[in-house]
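Trainee: First to last, the sequence lines map onto chains G and S. Going by our numbering, the first residue of the first sequence is number 1, and it counts up by one from there. Going by our numbering, the first residue of the second sequence is number 314, and it counts up by one from there.
What the hints contain is simulated information worked out from the structure, not anything from laboratory work. The C-beta atom is built at its ideal place from N, Cα and C for all residues, glycine as well. Wrong hints could be hidden among the right ones.
[Unchecked claim] Below, computed lysine-lysine pairings styled on BS3-like, alpha-carbon distance capped at 27 Å:
1) S:Lys573 <-> S:Lys631
2) G:Lys141 <-> G:Lys52
3) S:Lys407 <-> G:Lys223
4) S:Lys419 <-> G:Lys223
5) G:Lys223 <-> S:Lys442
6) S:Lys545 <-> G:Lys223
[Said to hold, decoys possible] Among the chain S residues that face chain G by a calculated CB cut under 10 Å, a handful are:
7) Ala363
8) Leu367
9) Gly381
10) Ala385
11) Ile390
12) Ala391
13) Phe392
14) Met396
15) Tyr400
16) Tyr411
17) Leu413
18) Val414
19) Gln416
20) Arg459
21) Pro465
22) Phe469
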Amino acid sequence: MSSYSVTEPSARQKWFAGTLVVLYAVITILPLLWIIGTSFKSPSDAIAYPPKTFFQPTLEGYVNLFTTRTRVTEEQLKQMGEPTTWYDRLVRKDGLIIAGPSRFTERFYNSVIIGFGSTVLCIVLGTAAAYAFSRFKVPLKDDLLFFILSTRMMPPIAVAIPIFLMFRSLGLNDTHAGMILLYTAVNLSLSVWLLKGFIDEIPIEYEEAALIDGYTRFQAFYKVVLPQAATGIASTAIFCLIFAWNEYAFAVLLTSGTAQTAPPFIPTIIGVGGQDWPAVAAGATLFLVPVMVFTILLRKHLLRGITFGAVRK
Amino acid sequence: MAQIRIENVRKEFGAFTAVQSSTFTVEDGEFFMLLGPSGCGKTTTLRMMAGLELPTSGRIYIGGEEVGMKRASERDIAFVFQMFALYPHMNVRKNISYPLVSQGMKKAEVATRVAEVAKILRIEGILDKPVGGLSGGDRQRVALGRAIVRNPKAFFMDEPLGALDAEFREHMAGELRALHDRMGATTVYVTHDQLEAMQMGDKIVVMNHGVTEQFGRPQQIYDWPATKFVAKFIGSPPMNFLEFDGMIGVGGDSIDLSGKKVKVPASREGRAGSLTLGVRPEHIRFVDDSAYRGRVIAVEYLGTTQIVTLDTPNGELKARTPSSQAARADELIGLDFDARTLTLFNAETGRALVSEANEGVLRRG
Numbered sequence: 001m002s003s004y005s006v007t008e009p010s011a012r013q014k015w016f017a018g019t020l021v022v023l024y025a026v027i028t029i030l031p032l033l034w035i036i037g038t039s040f041k042s043p044s045d046a047i048a049y050p051p052k053t054f055f056q057p058t059l060e061g062y063v064n065l066f067t068t069r070t071r072v073t074e075e076q077l078k079q080m081g082e083p084t085t086w087y088d089r090l091v092r093k094d095g096l097i098i099a100g101p102s103r104f105t106e107r108f109y110n111s112v113i114i115g116f117g118s119t120v121l122c123i124v125l126g127t128a129a130a131y132a133f134s135r136f137k138v139p140l141k142d143d144l145l146f147f148i149l150s151t152r153m154m155p156p157i158a159v160a161i162p163i164f165l166m167f168r169s170l171g172l173n174d175t176h177a178g179m180i181l182l183y184t185a186v187n188l189s190l191s192v193w194l195l196k197g198f199i200d201e202i203p204i205e206y207e208e209a210a211l212i213d214g215y216t217r218f219q220a221f222y223k224v225v226l227p228q229a230a231t232g233i234a235s236t237a238i239f240c241l242i243f244a245w246n247e248y249a250f251a252v253l254l255t256s257g258t259a260q261t262a263p264p265f266i267p268t269i270i271g272v273g274g275q276d277w278p279a280v281a282a283g284a285t286l287f288l289v290p291v292m293v294f295t296i297l298l299r300k301h302l303l304r305g306i307t308f309g310a311v312r313k
Numbered sequence: 314m315a316q317i318r319i320e321n322v323r324k325e326f327g328a329f330t331a332v333q334s335s336t337f338t339v340e341d342g343e344f345f346m347l348l349g350p351s352g353c354g355k356t357t358t359l360r361m362m363a364g365l366e367l368p369t370s371g372r373i374y375i376g377g378e379e380v381g382m383k384r385a386s387e388r389d390i391a392f393v394f395q396m397f398a399l400y401p402h403m404n405v406r407k408n409i410s411y412p413l414v415s416q417g418m419k420k421a422e423v424a425t426r427v428a429e430v431a432k433i434l435r436i437e438g439i440l441d442k443p444v445g446g447l448s449g450g451d452r453q454r455v456a457l458g459r460a461i462v463r464n465p466k467a468f469f470m471d472e473p474l475g476a477l478d479a480e481f482r483e484h485m486a487g488e489l490r491a492l493h494d495r496m497g498a499t500t501v502y503v504t505h506d507q508l509e510a511m512q513m514g515d516k517i518v519v520m521n522h523g524v525t526e527q528f529g530r531p532q533q534i535y536d537w538p539a540t541k542f543v544a545k546f547i548g549s550p551p552m553n554f555l556e557f558d559g560m561i562g563v564g565g566d567s568i569d570l571s572g573k574k575v576k577v578p579a580s581r582e583g584r585a586g587s588l589t590l591g592v593r594p595e596h597i598r599f600v601d602d603s604a605y606r607g608r609v610i611a612v613e614y615l616g617t618t619q620i621v622t623l624d625t626p627n628g629e630l631k632a633r634t635p636s637s638q639a640a641r642a643d644e645l646i647g648l649d650f651d652a653r654t655l656t657l658f659n660a661e662t663g664r665a666l667v668s669e670a671n672e673g674v675l676r677r678g
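Given only the sequences and the hints, what does the whole structure look like? Please build it.
Mentor: Structure representation (C-alpha cells):
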C-alpha cells in the first residue's frame with residue numbers, strides 16, 4: 001500500500017498552526033515593539049523598574065535625537081521669555097534650551113547614500129558577472145567562482161587593518177566613495193552567487209528565441225533575461241542593503257566625520273547628557289524604517305520568488 | 314520560402330564531434346525531418362542551420378545564400394523550441410508580435426498581422442491572456458504563431474511536440490502538417506520518434522553518432538534502408554536480422570540460409586563472409602511446406618494482425634501476420650520471405666549491399 005491522499009487539515013490542526021505562527025511573530029516583533037515603545041517614553045519611564053508597559057507617551061526622545069541642548073540657570077531661562085515651539089517647551093521643563101541640530105540627519109543621510117549606493121553597484125556588477133558565468137564559456141569558470149566565494153570565507157573585519165592602511169594611502173578614509181566601494185566588495189560574492197543561481201534557472205531558449213527574432217545579445221539580455229530575473233535581483237538587493245545598512249565595525253573604524261553612518265553614531269547619543277535611552281530608541285526606530293520600506297516595496301517579487309519553482313513546470 | 318542546402322557541415326565541441334560532415338538538401342516547401350536517437354547530432358545540425366551554433370567547417374545555404382557564419386537574426390528564419398520559449402512576462406499578443414516589433418514594424422501593421430495569424434491558428438480568444446496559464450496545445454499554437462507571423466524563409470522546429478502528452482501529440486501533429494500544407498513553408502523538424510517522422514515528413518534524414526545514415530522519402534527509407542542502424546531504428550517492430558556466413562556474387566539472386574535457398578533481388582555487389590539478411594515483419598509468410606522453420610516463442614495479438622516471435626537457426630525473428638492465422642507457442646512453422654523486399658547487409662560494416670531493388674534509392678547521391 002503505497003498510495004496516500006492529501007487531506008484538508010482539520011480545524012484543530014489549523015488552529016494549532018495558526019497559534020504557532022502568531023507566537024513566532026510575537027517573539028520576533030516584541031523587541032521591535034519594545035524599542036519603538038521606549039522611543040516614546042520619558043527618560044525616567046525608560047529605566048523604571050519594573051518596566052512600564054503603559055506610560056505617558058512623549059516626543060522627548062525624538063527631540064533629543066535631533067538636537068543638542070545646553071543647561072541654563074533659571075534666571076537666564078526667565079530672561080528668554082516664553083518658548084515659541086512645542087519642542088522648546090519640552091526641553092525647558094528640564095532646565096535646558098536647544099543649542100542646535102544634532103548630527104543625526106547627516107549620519108542618516110550618509111547611511112542612505114552608502115547603503116543604497118553599494119546595493120546598486122552590487123546589483124549592476126553582480127548581474128553582469130552572474131550572466132557571464134551562467135551563459136558563456138569562461139576559462140577557469142569553477143575556480144573563479146570558488147575564488148569569488150572564498151572572499152567571503154573569513155570575517156570581513158579580519159582584514160580591517162590592511163583596508164584601513166590602504167584607504168589611508170588612497171585618501172578613501174572617511175569618504176562616501178570609500179565606504180560604497182568597501183561594502184560592494186564585501187557583498188559582491190553573495191550577489192554573484194545568488195544571481196547566478198537565478199539566471200541559471202532561466203532557460204537559455206528565451207534568449208535564443210529573442211536572437212532569432214532579431215534582437216542583439218544585449219537586447220535579449222535586458223528585454224528577456226532581466227525581467228525574468230527581477231525576483232532574484234529584488235531578493236539579492238534586499239540582502240545587500242541589509243548588510244550595508246547594518247554594518248558597524250568597518251563604519252566605526254573607517255569613518256568619523258563626513259562619511260559616518262548611523263550605526264556608529266547612535267551609540268554616541270548615550271554619552272551626551274546622561275544615558276538617554278529614549279533618544280537611542282528613537283534613533284534605532286528611524287533607522288529601521290528605510291529597510292522595512294524597501295523590503296515591503298519588493299515584497300511582491302519576493303513572494304513570487306518563493307513560488308517560482310512551483311508553478312513553472 | 315527557400316531551399317536549404319547543407320554541405321559537409323561538421324561540428325566539434327572540444328574533443329567531441331557532434332556532427333561529422335553532413336550533406337543534404339531541403340527543397341523549397343518541403344517538410345523535412347531530422348530523425349535519430351538522442352545524442353545523434355540532429356539538434357546540433359538544426360541549431361547550425363538556425364545560426365544558434367556556428368559550424369566548425371562546411372557550408373550552409375538558405376535560398377542560395379551562404380549563411381554559415383551569419384547571426385541567427387540575419388538568416389530570416391523562425392525557430393520553435395521544444396519548451397516553446399514563450400516569454401513569460403508578456404501576454405499572448407505581445408509574444409506573437411515580438412518578432413515584428415524588433416523589425417520596427419508600424420503598430421497598425423503589427424496588429425493586422427497578429428490578427429491574421431491568430432485566425433489561422435484559431436487562438437483569437439486567448440490573445441490577451443498571460444502565457445502562464447495556457448494549456449500545452451495553446452502554448453504550442455502561440456509558439457507557432459510567433460514563428461509564422463514573420464513570414465520567414467524557413468521554419469525550424471526542435472521536437473515541438475515532445476512536451477505534449479501522447480494523446481494530444483497526435484492531434485497537434487495533424488494540425489502542424491495541415492498548417493504546413495496550407496502555407497507551403499520550408500520546414501525542418503527534429504524528432505527522435507520514427508512514427509512522427511514517417512507520418513509527417515516529405516523527406517527524412519536519419520542520423521546516428523553525428524553521421525548521416527540515410528536521406529530520402531519515408532517509404533524509400535522504410536523499404537530500402539541503407540544501413541542496419543536505419544533498418545533497426547525505423548519500423549515497429551523493426552526489421553529482422555538473420556545472421557549467416559555465406560557468399561553472393563555480382564548478379565547473384567539467391568543465398569544459402571542454413572541449408573535453405575532464399576531468393577533475393579539480384580545483387581550488384583559481391584561479398585563473401587558474414588552477412589545479414591534483413592526482413593520486415595510483414596514480409597514473412599507462414600508456409601507449411603517450407604524447409605526453413607522456426608519455433609514459435611510468443612504471440613502478441615494486435616487486433617487485425619498479430620506479432621509472432623519465432624526462434625530460427627539464424628536468430629530470433631518477429632513476423633506480422635493476419636490474426637486469423639493460427640500460431641501456438643512451441644509450434645514449428647515453415648517460413649517464406651517475400652523475395653522482392655529483402656535487403657542483404659554486410660554484417661561487418663552494417664551497410665546494405667546494393668541490389669537491383671535498392672540501387673535506385675542507395676545510388677541517388
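Trainee: Hints first: check each against the structure and report whether it holds.
Mentor: The hints, checked one at a time:
no. : hint                  : result
1   : S:Lys573 <-> S:Lys631 : holds (19 Å)
2   : G:Lys141 <-> G:Lys52  : violated (59 Å)
3   : S:Lys407 <-> G:Lys223 : holds (13 Å)
4   : S:Lys419 <-> G:Lys223 : holds (20 Å)
5   : G:Lys223 <-> S:Lys442 : holds (20 Å)
6   : S:Lys545 <-> G:Lys223 : violated (46 Å)
7   : Ala363                : holds (6 Å)
8   : Leu367                : violated (13 Å)
9   : Gly381                : violated (16 Å)
10  : Ala385                : holds (5 Å)
11  : Ile390                : holds (7 Å)
12  : Ala391                : holds (7 Å)
13  : Phe392                : holds (5 Å)
14  : Met396                : holds (6 Å)
15  : Tyr400                : holds (6 Å)
16  : Tyr411                : holds (6 Å)
17  : Leu413                : holds (9 Å)
18  : Val414                : holds (9 Å)
19  : Gln416                : holds (6 Å)
20  : Arg459                : holds (8 Å)
21  : Pro465                : holds (9 Å)
22  : Phe469                : holds (9 Å)
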